[in-house]
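The two chains are supplied separately, each in an independent frame; assemble them into the complex guided by the hints.
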Amino acid sequence: MSKIRYFIKQSWLLILSSFCFGLLLAIANAAWYPRILQNEKEKLNKLIVGLVSDANDFQIVIEDVNIPGERGKIIKTDIYKVRNAEGKTAGFAFVGIGSGFADKIKLVITIDSKCEKFLGFDVLSSNETPGFGDKIKEKEFRTQFKGIVAGNLEIIKAGEAKNGKVMAISGATVSSESVVKIFNIYIDKITQKIQEAGLD
Amino acid sequence: MTTKTTEGPILGQTFIAGLWRENPVFRLLLGMCPTLAVTAAVKPALTMGLSVIFVLVCSNIVVSLMRNLLKPHLRILMFTLTISTFVTIADLFLRAFQPVMSERLGPYVPLIIVNCIIICRAEACASKNGLVVSIVDAVGMGIGFTLALCVLAGVRELLSTGMIFEAKVMPAWFVPWAAMSMPVGAFITLGLLLGLVNKLTKGKS
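From first to last, the protein sequence lines stand for chains A and B.
Here the first sequence is numbered in the working numbering, starting from 255 and rising by one per residue.
Here the second sequence is numbered in the working numbering, starting from 99 and rising by one per residue.
Just chain B, with the same shape it has in the complex (with noise of 0.2 angstroms):
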């Protein structure tokens, strides 16, 4: 009984941490590689938020079952691979199912394997917790990562074309910012984010 009055709060607080105060991308600053790169459009960004979440997921689980096994000096060995293999079943899967999708990301599917969050969230949880709570760690920091993507991709997406999800919702007086969609537009853009962030955050942390 008191095992059930305890660990409801506990995966709450798990849960809700990688969405606002643990967020991946607003405020550890992890995986800025695809935060930059892959955000020029909602629909890539999710994309990549979905691709994170499965290997996030699944790496977490396998680090959870396999930790009272781990020798110290070989963690990080069994981390990565066990991070590489899921990631190239998703970028099989990508490549089968999402053909010009995995196209329009390129080398950054490939490129998950090296995302500090994933690493991150295999050594400091679940490395050193259960299953349940890796569980919960994960589905919560690939959520925040990917409604992170999708906040920059939308405000990106929306002033470099005036559409969200390739529909059109500026008005036709409407003047396209080119810069948004270029490597420019995703640093000015974290950088505002970043800001009001800090903002909201301002004494709580």
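Just chain A, with the same shape it has in the complex (with noise of 0.2 angstroms):
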């Protein structure tokens, strides 16, 4: 009884100042939270209309695709359909999330309509070392991505980027890395659905 009495004399006032801060954090998040989900959806159209060229108008045509992540954690995503101005089908979008160096990364990644080939991606948050991981955001990098056989792609720190081979970031391994396993581990589950569901 003495250790607990001891424990809440020495203690009491970090265990409220935590539950205040929480509080105060909590009232903060819920104020802001749908403001920053706004920012980020209006991103999101951003880049998807710059990934795709003739981009017009995109939809979401699959919610809640279940992606078998990292350790057996399930991920959702839903899949955008991109449409040119004739309303024919210009390709596919969706969000990928994976770990990075620092933090996670959330990619946005285009396949063509046909589900044959990547469009390529852009990154919609990530917290990558700055002046190496955060390369991954740079033209020279993700156009390696453009154009590439839509199935799984490998990293390389050498030779000829070619045939799902993509060439490393020299110092940033470890954020390259992230962004490939981001498409292995999302790519067959989603041209899967897009195929299950008719829309390619």
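Calculated directly from the structure, the hints in this document are not laboratory data.
Do not take every clue at face value.
Chain B stretches covered by chain A per the calculated footprint, using a threshold of three residues with CB under 8 angstroms from any CB of chain A [to be verified]: (1) 126-132; (2) 188-201; (3) 239-252.
Subject to a maximum C-alpha distance of 25 angstroms in a straight line, what follows is the list of computed SDA-like cross-link-like pairs (lysine to any residue) [claimed, not checked]: (4) Lys393/A <-> Trp275/B; (5) Lys358/A <-> Trp275/B; (6) Lys335/A <-> Val403/A; (7) Lys300/A <-> Met199/B; (8) Lys295/A <-> Phe195/B; (9) Lys411/A <-> Phe386/A; (10) Lys141/B <-> Ile290/A; (11) Lys360/A <-> Gln196/B.
Just so we're clear, the structure is a prediction, and the values are computed from it rather than from any experiment.
Glycine included, each C-beta is placed from N, C-alpha and C at the ideal position.
Rendered as structure tokens:
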């Protein structure tokens, strides 16, 4: 009993402060999170339009696709159909999430209307090391994925980047591997779902 | 009456100390990580400075209010808890209302948690002084940090792009020094400015 009293006497301020600060954070999060989501949505729209050259509009065609992620964890994602000005399918897009070097990496990945080739990707959010890992956002790295066959990709450190092989960023191998891993985790399930739904 | 006559100069000195005599960047060499990382342009430097002022003022207020209740062996834990709460609020605010700037600053906003200036002021000032002195100290130190960042960023942005606040100020013949926007530019500019400040304050400290 005396041990519990001693513990409370020593740490009551810490416990009380934790509750107060937690409440403060919950209020701030509740107030601003809808706006943060709206910002992310606007950014996603901008990125998809930028990745698919003749994109006119897009909409979610398959919701909550279950992707078996790292350590058996199931990740949910939506598949977007991108249409051109004539109303025809210009491609598909989805958001892929995976672990990077410093934090989660969130990508927007686009594939063509026949699910045969990647149209490219862009980074929705990441906290990779500035000057190294954050080079995954740069055009030089991203263009390697444009037009590559939509299947399992491999990261290489030397040699020629072709036939599903992507050259890693010097000094940022972990970040480069994380990007490729995200592609590999998602692509089979996404193409399977599109084909099952008869959207291709 | 006596209190009023002594408090004024003390508050003034506390405020001025952060701006020059104990400037966090140029005199105490604290907060070097954001000083080098976010000063490629004035806008991100100013945003970082304002975020630090917010966190510094809020954490100094909380620490000052609870200073008599702090247990010596738990104080650093309490400081970290307080600072991380306000940093998270600042981060959420930037993500909600300044998404482009939030993205540009990247991990450096969450990294304010480990900024030595804030924990230093909590330990050296707020945990030993009253509310008013703590607030004045936080504002002085915060403005001092922000000004230092902006001076550094101003020099780098001007030389690397010929612009200030993204507005062209250099003549057409000026060739931008790309290196100034890179880490090497940050180190060179900081080194030169530290040398200048040391020269100006020689024999005065």
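Check: What hint numbers does the structure not satisfy?
Finding: 1, 3 and 5
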